[in-house]
Structure formats: C-alpha cells, structure tokens
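Peer 1: One-letter residues, chain by chain:
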Amino acid sequence: MSDNTISKKKAITQGLRDGFPIGLGYFAVSFSLGIFAKSVGCNAIQGIINSFFNHASAGEYAVYSMIGVGASYLEMAIMTLIVNARYLLMSTALSQRIHPNTSFLHRLFIGFHVTDELFAISINRPGFVNPFYCYGAFFIAVIGWCAGTATGIIAGGILPARLVSALSVALYGMFLACIMPEARRHKIVAVLIIISFVLSYIANELSLFAAISSGTKTIILTVLIASVAAIVFPHPEVEDDD
Amino acid sequence: MMTNAYIYILVAALVSTIIRVLPVTIFRKPIKSRFVRSFLYYVPYVTLAVMTFPAIINATQSKISGILALVCGSIAAWFNMSLFKVACICCGVVFVAELFL
Numbered sequence: 033m034s035d036n037t038i039s040k041k042k043a044i045t046q047g048l049r050d051g052f053p054i055g056l057g058y059f060a061v062s063f064s065l066g067i068f069a070k071s072v073g074c075n076a077i078q079g080i081i082n083s084f085f086n087h088a089s090a091g092e093y094a095v096y097s098m099i100g101v102g103a104s105y106l107e108m109a110i111m112t113l114i115v116n117a118r119y120l121l122m123s124t125a126l127s128q129r130i131h132p133n134t135s136f137l138h139r140l141f142i143g144f145h146v147t148d149e150l151f152a153i154s155i156n157r158p159g160f161v162n163p164f165y166c167y168g169a170f171f172i173a174v175i176g177w178c179a180g181t182a183t184g185i186i187a188g189g190i191l192p193a194r195l196v197s198a199l200s201v202a203l204y205g206m207f208l209a210c211i212m213p214e215a216r217r218h219k220i221v222a223v224l225i226i227i228s229f230v231l232s233y234i235a236n237e238l239s240l241f242a243a244i245s246s247g248t249k250t251i252i253l254t255v256l257i258a259s260v261a262a263i264v265f266p267h268p269e270v271e272d273d274d
Numbered sequence: 041m042m043t044n045a046y047i048y049i050l051v052a053a054l055v056s057t058i059i060r061v062l063p064v065t066i067f068r069k070p071i072k073s074r075f076v077r078s079f080l081y082y083v084p085y086v087t088l089a090v091m092t093f094p095a096i097i098n099a100t101q102s103k104i105s106g107i108l109a110l111v112c113g114s115i116a117a118w119f120n121m122s123l124f125k126v127a128c129i130c131c132g133v134v135f136v137a138e139l140f141l
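Taken in sequence, the protein lines are chains A and E.
Each residue of the first sequence is one higher than the last, beginning at 33 in the numbering used here.
Each residue of the second sequence is one higher than the last, beginning at 41 in the numbering used here.
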C-alpha cells in the first residue's frame with residue numbers, strides 16, 4: 033500500500049508521464065473524428081466541447097452520426113448509453129479499488145476520467161486507485177483528444193481528398209485495436225465480431241431496413257447480439273473479475 | 041441544425057457522465073446478475089464491430105481500399121499492436137492503395 037502514501041505531486045507527475053503516449057494516440061484518432069465532425073457540419077468549438085465532456089471515440093462518433101442523420105435526442109441518449117455501456121463495467125471495477133475514505137468529489141472525478149485506455153492504466157497500478165494519478169493522466173490525454181478533434185475539423189477541409197480518405201479510417205483502426213486482442217483471447221468474442229460484421233452489412237444493404245436510421249440499427253443489433261450471446265454463452269471469466 | 045449540435049453534445053455528455061460516475065459513487069459491490077455482467081462484457085465488442093463494418097468501406101474513396109484497411113488493421117490489432125500503430129497502419133494502407141486505384 034506504499035503506493036497510496038506517495039505525494040500528490042508525484043502521483044500527478046506519474047499520471048502525466050503514463051498519459052502522454054495515450055494523449056498522442058488520442059490526437060491521431062480524434063483528428064479522424066474531427067474530419068467526420070466537419071462532414072456533419074460541426075465547428076471546432078463544438079468538437080472541443082464534445083471531446084472534453086464525452087472523451088470516448090465511439091461515443092463522440094455516435095454524436096456526430098446522430099447529428100448527421102438528424103436523429104431524436106432520445107435516440108442520442110440511448111445510443112450513448114449503448115456505446116458507452118462498457119464504462120459501467122469499468123467504473124464498477126474501479127469502485128472496488130477506491131479507498132473507503134475517498135471523498136464523493138474524488139469518486140466523481142475518478143468516474144469522469146474513465147476511458148478505455150485511462151481505465152487500463154489506472155486499474156493496473158497496485159493498491160488503491162490514486163485520484164491524483166488519474167487526474168494527471170486525464171489532463172494530458174484530454175489535451176491530445178481536444179486538440180486532435182479541433183485540428184481535424186479545421187485542417188481536415190484543406191487537406192487533399194486522398195489524404196482525408198486515408199485519415200478517416202484511423203477511427204476504425206482504433207475500434208479494431210479495441211476489439212481484436214479480446215477476440216484473440218476469447219473465441220466467442222471473435223465469433224461475435226464476425227456475426228456483427230455480417231448482420232451490420234445486411235442491415236445496411238437491404239432496402240427492407242432503409243427506413244431505420246443507422247444509429248437505431250446499431251442499438252438494435254448491439255442489444256440483440258449481446259443479449260443472445262449473454263444467454264447462450266455467459267462470459268466464463270465473469271466470475272473471476274476482481 | 042447547427043444550434044442543435046450543442047443539445048446533442050449536452051445529451052451525450054450527461055448520459056456518458058452518469059454512466060461513468062454512477063457505479064463508482066453508488067455501487068460499492070460488484071453486479072451480481074450473470075446475464076447483466078455477460079451482456080455488459082459483450083456490448084463494447086459488438087457495438088464497435090457493428091460501427092466498424094460496413095462503415096469502414098464507405099468512408100474511403102474506393103471500397104477496395106477500405107476492405108484492405110479492415111484486413112490489415114484487424115491483423116495488426118490481432119497481434120496486439122497499439123491503438124496508435126493500428127490506426128496508422130489503416131491510414132497508410134488506404135493511402136498507398138488509393139495511389140493505384
């Protein structure tokens with residue numbers, strides 16, 4: 033538990049150090065998000081606000097797709113719930129590792145800092161979660177995130193079409209980087225990913241479903257596939273989570 | 041449309057903040073239901089997969105370059121390359137492929 037007695041300053045410094053490469057990665061990915069944001073008519077200020085408060089690639093992507101198709105606010109809320117549902121799990125995992133004396137405000141901000149990567153580095157440290165470590169990492173990562181989005185929105189338009197075409201897949205590359213390592217570890221996940229690809233393709237190509245917005249399609253497919261999977265293949269390692 | 045964007049962002053920000061903050065402030069015990077835990081476990085992978093395909097082949101100028109990015113990105117990610125590297129590989133593949141297509 034010596035980890036919890038380190039000074040605030042040291043914890044913040046360690047957070048900044050570990051968060052730096054994450055911030056760099058976020059810059060590249062959110063640049064691609066910025067290009068997409070611009071294509072649905074969002075400006076840099078909106079991009080920065082969205083990046084600061086949502087700081088989630090899939091979540092922000094959902095915001096811009098919803099704006100693009102003019103979805104309802106209810107759809108927006110449900111979509112956010114669906115694409116960010118994993119943060120419920122991460123936040124729950126973190127809640128088990130927070131010192132009982134931690135104030136409500138610290139708990140609040142530890143929850144707010146959660147992204148896939150920041151959760152990973154925060155939970156991987158020994159002992160109780162140090163709020164100041166989280167804040168250091170969040171600070172540097174969110175700068176990369178906001179700056180990347182703004183740069184994508186501003187500079188995405190002046191880049192040649194071929195370059196924009198290339199950069200616009202960075203986001204999907206990041207999605208793949210999030211799902212494939214788990215697919216390798218668990219065959220079920222690999223199978224689910226393939227099923228998701230196929231059903232998503234069918235849902236997007238068949239004129240039968242043309243009237244349903246792409247956001248709603250994502251919600252329906254996710255709930256459907258994940259529910260069936262949870263019933264048929266209850267996650268074997270669920271019991272082992274600590 | 042432009043003014044509405046702020047409301048979309050606000051709605052998403054509220055929901056995502058509640059999702060992030062609620063468990064860590066309220067729940068002190070792990071979720072018991074095996075179904076809910078399994079469902080929550082599968083959700084990110086399914087959602088991200090659904091959002092990736094076929095969107096990735098519609099994002100590029102040519103469908104073939106999108107497919108190549110999907111294949112190369114999947115292989116790189118399979119071998120645990122970092123988020124940053126996988127994203128760069130996808131971009132590079134599309135850029136090179138579209139020089140020839």
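It is worth saying that the hints were derived from the structure and are not from the lab.
Think of the CB as a built atom: it goes at the ideal place given N, C-alpha and C, for glycine as much as any other residue.
Do not rely on the hints blindly, as some may be mistaken.
[Unchecked claim] Not everything, but these chain E residues come out facing chain A in the computed CB check (under 8 Å):
1. Ala53
2. Thr65
3. Leu88
4. Ile96
5. Thr100
6. Ile104
7. Phe140
[To be verified] For each label pair, taking beta carbons as the anchor points, the in silico distance ranges come out as:
8. Val230(A) x Phe67(E): 22 to 28 Å
9. Phe67(E) x Phe171(A): 33 to 39 Å
10. Pro132(A) x Phe119(E): 23 to 29 Å
11. Gly132(E) x Ile186(A): 19 to 25 Å
12. Pro213(A) x Tyr46(E): 19 to 25 Å
13. Arg74(E) x Asn156(A): 23 to 29 Å
14. Tyr46(E) x Lys40(A): 24 to 30 Å
Peer 1: Decide, hint by hint, whether the structure agrees.
Peer 2: Here is how each hint holds up against the structure:
Checking Ala53(E) against chain A by beta carbon gives a least distance of about 4 Å; that is within 8 Å, so the hint holds. Annotation: interface hint on Thr65(E) holds; nearest CB of chain A at approximately 5 Å, less than 8 Å. Here the hint on Leu88(E) is kept, as its CB sits about 4 Å from the closest CB of chain A, short of 8 Å. For Ile96(E), the shortest C-beta to C-beta distance to chain A is roughly 4 Å, which falls under 8 Å, so the interface hint holds.
Annotation: interface hint on Thr100(E) holds; nearest CB of chain A at approximately 5 Å, less than 8 Å. Below 8 Å, beta-carbon pairs count as interface contacts, and Ile104(E) has none with chain A, the closest being about 12 Å; its hint is therefore violated. Hint status for Phe140(E): violated, given a least beta-carbon distance of 12 Å to chain A, over 8 Å. For Val230(A) and Phe67(E), the Cβ-Cβ distance of about 35 Å falls outside the hinted range of 22 to 28 Å, so the restraint is violated.
For the pair Phe67(E) and Phe171(A), the beta carbons lie near 26 Å from each other, so the given range of 33 to 39 Å is not met. For the hinted restraint 23 to 29 Å between Pro132(A) and Phe119(E), the CB-CB distance of approximately 41 Å leaves it violated. Between Gly132(E) and Ile186(A) the Cβ separation comes to about 23 Å, which falls inside the hinted range of 19 to 25 Å. Between Pro213(A) and Tyr46(E) the beta carbons are some 36 Å apart, a value that contradicts the proposed interval 19 to 25 Å.
For the hinted restraint 23 to 29 Å between Arg74(E) and Asn156(A), the CB-CB distance of approximately 26 Å keeps it satisfied. In this structure the supplied range 24 to 30 Å is violated for Tyr46(E) paired with Lys40(A), their Cβ-Cβ distance being about 35 Å.
Checked against the numbered hints above, the structure breaks hints 6, 7, 8, 9, 10, 12 and 14 and satisfies the rest.
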